[in-house]
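J.: Given the coordinates of chain A, work out where chain B should sit on it, guided by the hints.
There are 2 protein chains.
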Amino acid sequence: MNTTHPAERILLGPGPSPVPARVLRALGAPTLGHLDPQYLAIMDETCERLRQVFRTRNPLTFPVSGTGMAGMECLAVNLIEPGDEVIVGVNGVFGGRMKDVMERCGATVHALEAPWGEVFSLDQVAAALKAHPKSRIVALVQAETSTGALQSLEGMADLVHGAGALFLVDAVTSLGGHELRVDDWGIDAIYSGTQKCLSCPPGLSPVSFGERALARMDARKSKPQSWYLDVSMLRKYYLAGAGAGGGRVYHHTAPINMTYALNEALAIVLEEGLDARIARHAAAHQRLRAGLEAMGLSYIPKHSLHTLNCIGIPAGADDLKVRRRLLDEYGIEIGAGLGVMAGKAWRIGLMGHGATTRNVDLVLTALREVLK
Amino acid sequence: MNTTHPAERILLGPGPSPVPARVLRALGAPTLGHLDPQYLAIMDETCERLRQVFRTRNPLTFPVSGTGMAGMECLAVNLIEPGDEVIVGVNGVFGGRMKDVMERCGATVHALEAPWGEVFSLDQVAAALKAHPKSRIVALVQAETSTGALQSLEGMADLVHGAGALFLVDAVTSLGGHELRVDDWGIDAIYSGTQKCLSCPPGLSPVSFGERALARMDARKSKPQSWYLDVSMLRKYYLAGAGAGGGRVYHHTAPINMTYALNEALAIVLEEGLDARIARHAAAHQRLRAGLEAMGLSYIPKHSLHTLNCIGIPAGADDLKVRRRLLDEYGIEIGAGLGVMAGKAWRIGLMGHGATTRNVDLVLTALREVLK
Numbered sequence: 585m586n587t588t589h590p591a592e593r594i595l596l597g598p599g600p601s602p603v604p605a606r607v608l609r610a611l612g613a614p615t616l617g618h619l620d621p622q623y624l625a626i627m628d629e630t631c632e633r634l635r636q637v638f639r640t641r642n643p644l645t646f647p648v649s650g651t652g653m654a655g656m657e658c659l660a661v662n663l664i665e666p667g668d669e670v671i672v673g674v675n676g677v678f679g680g681r682m683k684d685v686m687e688r689c690g691a692t693v694h695a696l697e698a699p700w701g702e703v704f705s706l707d708q709v710a711a712a713l714k715a716h717p718k719s720r721i722v723a724l725v726q727a728e729t730s731t732g733a734l735q736s737l738e739g740m741a742d743l744v745h746g747a748g749a750l751f752l753v754d755a756v757t758s759l760g761g762h763e764l765r766v767d768d769w770g771i772d773a774i775y776s777g778t779q780k781c782l783s784c785p786p787g788l789s790p791v792s793f794g795e796r797a798l799a800r801m802d803a804r805k806s807k808p809q810s811w812y813l814d815v816s817m818l819r820k821y822y823l824a825g826a827g828a829g830g831g832r833v834y835h836h837t838a839p840i841n842m843t844y845a846l847n848e849a850l851a852i853v854l855e856e857g858l859d860a861r862i863a864r865h866a867a868a869h870q871r872l873r874a875g876l877e878a879m880g881l882s883y884i885p886k887h888s889l890h891t892l893n894c895i896g897i898p899a900g901a902d903d904l905k906v907r908r909r910l911l912d913e914y915g916i917e918i919g920a921g922l923g924v925m926a927g928k929a930w931r932i933g934l935m936g937h938g939a940t941t942r943n944v945d946l947v948l949t950a951l952r953e954v955l956k
Numbered sequence: 585m586n587t588t589h590p591a592e593r594i595l596l597g598p599g600p601s602p603v604p605a606r607v608l609r610a611l612g613a614p615t616l617g618h619l620d621p622q623y624l625a626i627m628d629e630t631c632e633r634l635r636q637v638f639r640t641r642n643p644l645t646f647p648v649s650g651t652g653m654a655g656m657e658c659l660a661v662n663l664i665e666p667g668d669e670v671i672v673g674v675n676g677v678f679g680g681r682m683k684d685v686m687e688r689c690g691a692t693v694h695a696l697e698a699p700w701g702e703v704f705s706l707d708q709v710a711a712a713l714k715a716h717p718k719s720r721i722v723a724l725v726q727a728e729t730s731t732g733a734l735q736s737l738e739g740m741a742d743l744v745h746g747a748g749a750l751f752l753v754d755a756v757t758s759l760g761g762h763e764l765r766v767d768d769w770g771i772d773a774i775y776s777g778t779q780k781c782l783s784c785p786p787g788l789s790p791v792s793f794g795e796r797a798l799a800r801m802d803a804r805k806s807k808p809q810s811w812y813l814d815v816s817m818l819r820k821y822y823l824a825g826a827g828a829g830g831g832r833v834y835h836h837t838a839p840i841n842m843t844y845a846l847n848e849a850l851a852i853v854l855e856e857g858l859d860a861r862i863a864r865h866a867a868a869h870q871r872l873r874a875g876l877e878a879m880g881l882s883y884i885p886k887h888s889l890h891t892l893n894c895i896g897i898p899a900g901a902d903d904l905k906v907r908r909r910l911l912d913e914y915g916i917e918i919g920a921g922l923g924v925m926a927g928k929a930w931r932i933g934l935m936g937h938g939a940t941t942r943n944v945d946l947v948l949t950a951l952r953e954v955l956k
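Those protein sequence lines, which keep their order, are chains A and B. According to the numbering used here, the first sequence holds residues 585 to 956 in order. According to the numbering used here, the second sequence holds residues 585 to 956 in order.
Simulated from the structure, these hints should not be mistaken for laboratory data.
For identical chains, the list gives no copy identity; a pair is met inside one copy or between any two copies.
Here are the computed lysine-lysine pairs in the DSS-like style, where the Cα-Cα straight-line distance is at most 25 Å: (1) K886 x K683; (2) K820 x K928; (3) K928 x K905; (4) K820 x K905; (5) K683 x K807; (6) K718 x K683; (7) K683 x K714.
Note that the structure is a prediction, hence the values are computed from the model and not measured.
Isolated chain A (complex conformation):
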């Protein structure tokens, strides 16, 4: 196996998504020090671009130095104290992980469950809050990457805030590809990943914390169990002037080159415009859906993401063989089923730079060929 020259795949799985040449070039730019004034300017610009993409004015918006799961853990360790009750929507792998992560923080997690592929209604969330009135957090996954289901978030925050809880959202597979309005929708804390609809390589996890979340953190009685993800220290580095004397306080060595790549990826998102980008993802999804359904393939979730298309493996098709042929003969990666869907589903991602007519028609053509 050649380990020197990675193949030029077309990444149509659940992420990473295809990375534009501009972003790869930015990634390879000369490394600066993490306290260099020029690097700090790049980081500030990255955070400001993240605010625009999250549609938020939250000052505390920055990329956590780890992949998406580090972002999930960052929210949990900072916003949960041992003994807290929380409600987590579990309708796939990532809701289940959130439950696990939060339990490791000492939370009592009330899992609001739905069958895989389904989502939660306002009524279900209201009922959960009524059943568990002491809950301090409600957490939902907007884009469940394991099932391809799109969770509607509008109206949720009123219920959650009415019960005195914080509203947390996993937007790993939606940020930059689906409608997402952190401020308008009253989201108190949110995390995402770089390698999905932002089309940057994996390695960073954009997060944003609103005022309610900050107040919760400021009122903590105990230190967060993670030093690496402790926002009370991270904010003194990421926010200019938050350190003593108006400066910045070194916390850890930020992943410099990954920040360059994210900054460039965000520039591309904003040049296209969020509305146009979201419309492009919708159009690509509809084109793929029409093609797949014409082939007799069917979607598993009722409310499908545009960014990730989860379809049942047709009877008679060999899961591994089909994916291996797509990879070997076409250089196309699609995703296997995850969790209970292993062996039963394929996941076709149309994310960021990958959500194009060219890719849709190519993957349909290739699938028709290997399913013959």
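T.: Using the frame of chain A, we list chain B on its own:
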């Protein structure tokens, strides 16, 4: 401030160190999926190269998906259970951080303290073990980046193992630049960073766990408090055949492009040869030391690292102004003092690709000029 084209600095601070063009090129190679057979081959090669650089046969040797501090936290969350007693050598910022990280894991930390710039003797460690015989871990920093002190590790493991404890080491600023023999020296678990003597951009933390450490983890009564850093799951991804059915189990999306860069950086280390590389660091240090002392500057630690030179700021020199002039006029970054040494010390790093005669003579010339 230009945020598009990072300046070409000569990085002679405490890290990041100068990154070779080969490594930057590898970083910008096409992104593969994290389960792509070619990516898995690259990852396996990276882990094997890490074993060679750590001088270990430990199968469980891999890069944690975060910067050096994530590696420190990875060791702590996996090897400590609430209530454990541990001994940590604290003679600078990073020993102090280790204490903090371990306390957040519920450990009772016995800090073995020494003045900043000094190191610990075998007798001191033996006495600490005698005073705290229930200690389950002894942790030392080989290269204390805040003071520039080099901690000798030979013989320590016998003492530590004799008391039934595990021997943990921070090798962030030594791996690839100083003598380090994980197996010969009986080190049970170790972490490092990519952006120091390996001359790869920051973003990954190489770690290695030996048999004793594995046994300790396997005997845990509770889950590690971090999901992201839980080695019981990470090993099923990083070790081929460790998952059910001999396969690999997806945990999180690995930082693909950073792995390319690390793999290339390690190739460069092994092409040079560890012994030659360590000798080059020693020679660069001696040349710098002779030059600095001829200028009347003096070293703070008695046993100085070769990779990081911590010197007192001479009377009358303006700390900020000198560093700013080096950056603006020469494009050279050196480090400020950290912790109690802020405003009192400079830290000149000669790490990896940066440890050259050219850089030594350049920084001496520049310092002479700005200190005039």
